[in-house]
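Protein chains: 2
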Amino acid sequence: MERLFGAIPGVPEGAIFASRKEAAAAGIHKPLVAGISGSQEEGADSIAISGGYEDDVDLGDEIIYTGEGGQENGRHIKDQEFIRGNKALAVSEVQGLPVRVLRGAHKGNPFAPESGYRYDGLYQVESHWHTVGKSGFKVWKYRLLKLEGSLPPQKSLAPEVITLPAGTQTPKRVSSTIQRVVRDTKLGRQLKKLYQYQCQVCGLQIKTEAGFYAEAAHIKPVGLPHAGPDVSENLLCLCPNHHLMFDKGVFAINDDLSLIGIPGKLYKHADHIISPDFITYHRTTFTDF
Amino acid sequence: MERLFGAIPGVPEGAIFASRKEAAAAGIHKPLVAGISGSQEEGADSIAISGGYEDDVDLGDEIIYTGEGGQENGRHIKDQEFIRGNKALAVSEVQGLPVRVLRGAHKGNPFAPESGYRYDGLYQVESHWHTVGKSGFKVWKYRLLKLEGSLPPQKSLAPEVITLPAGTQTPKRVSSTIQRVVRDTKLGRQLKKLYQYQCQVCGLQIKTEAGFYAEAAHIKPVGLPHAGPDVSENLLCLCPNHHLMFDKGVFAINDDLSLIGIPGKLYKHADHIISPDFITYHRTTFTDF
Chain A
3 MERLFGAIPG
13 VPEGAIFASR
23 KEAAAAGIHK
33 PLVAGISGSQ
43 EEGADSIAIS
53 GGYEDDVDLG
63 DEIIYTGEGG
73 QENGRHIKDQ
83 EFIRGNKALA
93 VSEVQGLPVR
103 VLRGAHKGNP
113 FAPESGYRYD
123 GLYQVESHWH
133 TVGKSGFKVW
143 KYRLLKLEGS
153 LPPQKSLAPE
163 VITLPAGTQT
173 PKRVSSTIQR
183 VVRDTKLGRQ
193 LKKLYQYQCQ
203 VCGLQIKTEA
213 GFYAEAAHIK
223 PVGLPHAGPD
233 VSENLLCLCP
243 NHHLMFDKGV
253 FAINDDLSLI
263 GIPGKLYKHA
273 DHIISPDFIT
283 YHRTTFTDF
Chain B
3 MERLFGAIPG
13 VPEGAIFASR
23 KEAAAAGIHK
33 PLVAGISGSQ
43 EEGADSIAIS
53 GGYEDDVDLG
63 DEIIYTGEGG
73 QENGRHIKDQ
83 EFIRGNKALA
93 VSEVQGLPVR
103 VLRGAHKGNP
113 FAPESGYRYD
123 GLYQVESHWH
133 TVGKSGFKVW
143 KYRLLKLEGS
153 LPPQKSLAPE
163 VITLPAGTQT
173 PKRVSSTIQR
183 VVRDTKLGRQ
193 LKKLYQYQCQ
203 VCGLQIKTEA
213 GFYAEAAHIK
223 PVGLPHAGPD
233 VSENLLCLCP
243 NHHLMFDKGV
253 FAINDDLSLI
263 GIPGKLYKHA
273 DHIISPDFIT
283 YHRTTFTDF
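Protein sequence lines correspond, in order, to chains A and B. FYI, in this note's numbering the residues of the first sequence are 3 to 291. FYI, in this note's numbering the residues of the second sequence are 3 to 291.
Mixed in with the good hints, there may be bad ones.
Claimed, not checked - Chain B side only, calculated, beta carbon under 7 Å to chain A, not exhaustive:
| id | residue |
| --- | --- |
| 1 | Trp-131 |
| 2 | Gly-213 |
| 3 | Asn-243 |
| 4 | Leu-246 |
| 5 | Lys-250 |
| 6 | Asn-256 |
| 7 | Leu-259 |
| 8 | Tyr-283 |
| 9 | Thr-287 |
| 10 | Phe-288 |
These aren't lab readings, by the way, just hints derived from the structure by calculation. All C-beta atoms, glycine included, are put in the ideal place defined by N, C-alpha and C.
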């Protein structure tokens, strides 16, 4: 059965379930006990969080989540390994896959529902790292951030019940500049797979421990007033450097796929049709070439 | 006199001014007539928008702004050039400089104040391009997006009065995945200048028509629970590729600045002190090296 990433049709954000079994039946979070749903090949499609796990930090739109394994009878007895669910969450990070979050009731967590379990929408995995837990063993950690377009958390933040690591200050949210927003879609992921994550300009293939990384770049931007379509004819598989350089008009593409602004020629897979209209739009709109 | 970027101390967002002169005296937008404040060397620090200009689109937290010049007596008589204010806005884009927005009263614009001028906080320039205006001459365009942490626009959107280009659809905001958030600060810009925007790993210097582009990367992340400080000892000047690879643990840095995970050695300017503590934190936390 195919693993479903993203929203489940017919299940609105905020939906309440009496049990994990009900949430599983609705397709929100399939495992009845495990916190992470996913495989290390496909990525993780959902997590469950109760706020009860001492190492987790639930800030509503930001969750610091602890990986699985290394425990017996609720006690850490060995290092957590970078396999199964732990690797799956890192794959979701590198591939830009959305992760559904199911929150379970827990008195200590102001973002948890009063009772039962609540579907709280889609998050992205922003980063992962490992640390040494209170028990002295290695644990994997994941920062999940609520995706734009999702609803805000349902309860207001009660700072006194949030457990932050000793000595840390309240996170500062000001003066950060979002410079690069990379949209990721199923179409983009298919294209990246077709190119084996190699940049169509330089051939670079970035290999992380959770798989390859590349970016799907729209040739004619999707935002207004350009209103380029989200179709593979309007997409390129690029490394971050050439994505930025393409967006900023450092180079453009001629109809014969030779490059202007930088030397070289765009590599194109035989199964990938690129529309000359979109290339022309980019060239004449974003550069003076 | 130094050009001031960002918020003006003592002037809160939402502040109302009776005239452009008052807004200029407060330091929000210095020019009394021009829409763009800035120079092509330093970048643009503010713009004024009334919604009265037929080519502008004001969506509140998103503005599509038209460049300056090419007009005489209110009529386009020649191409707008990529100089002065027009280049200044592109410099702000590439350097990640915040732009103050001053909105003037205008009946046709639901985001404009009832009367006078309102300071509406900080925006970033997301992209720029050129197009052919209604008059047949080239005009420069800029998409400005409200920065995170700013207040929302004060009036609700009245879609019927928004002028969108004919044939375009309402912008879709869903299913976009922010994969990379690059913080930019004065400190980061100073460091990038020290390195002349060359990547400390590969030496790449990305040259756009509005200046060089590089990214200031925190070695120990500033977010919780890492809580790395925003100091130059905790910063690197990297190209987008090596920034991503560093953040995803593809490579790390030894105390002698040799790299692990990829070949090579980190280049370090004599005036840049890098803390071994932060390098060690990154190496032991984000990789298994």
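Tested hints:
1. Trp-131: Nearest chain A Cβ about 5 Å off; hint holds.
2. Gly-213: 10 Å, violated
3. Asn-243: 5 Å, holds
4. Leu-246: Because about 5 Å separates B/Leu-246 from the closest Cβ in chain A, which is inside the 7 Å limit, the hint holds.
5. Lys-250: 5 Å, holds
6. Asn-256: 18 Å, violated
7. Leu-259: 22 Å, violated
8. Tyr-283: Constraint on B/Tyr-283 not satisfied, violated at 10 Å.
9. Thr-287: 5 Å, holds
10. Phe-288: 5 Å, holds
In this structure, the hints that do not hold are numbers 2, 6, 7, 8, in rising order.
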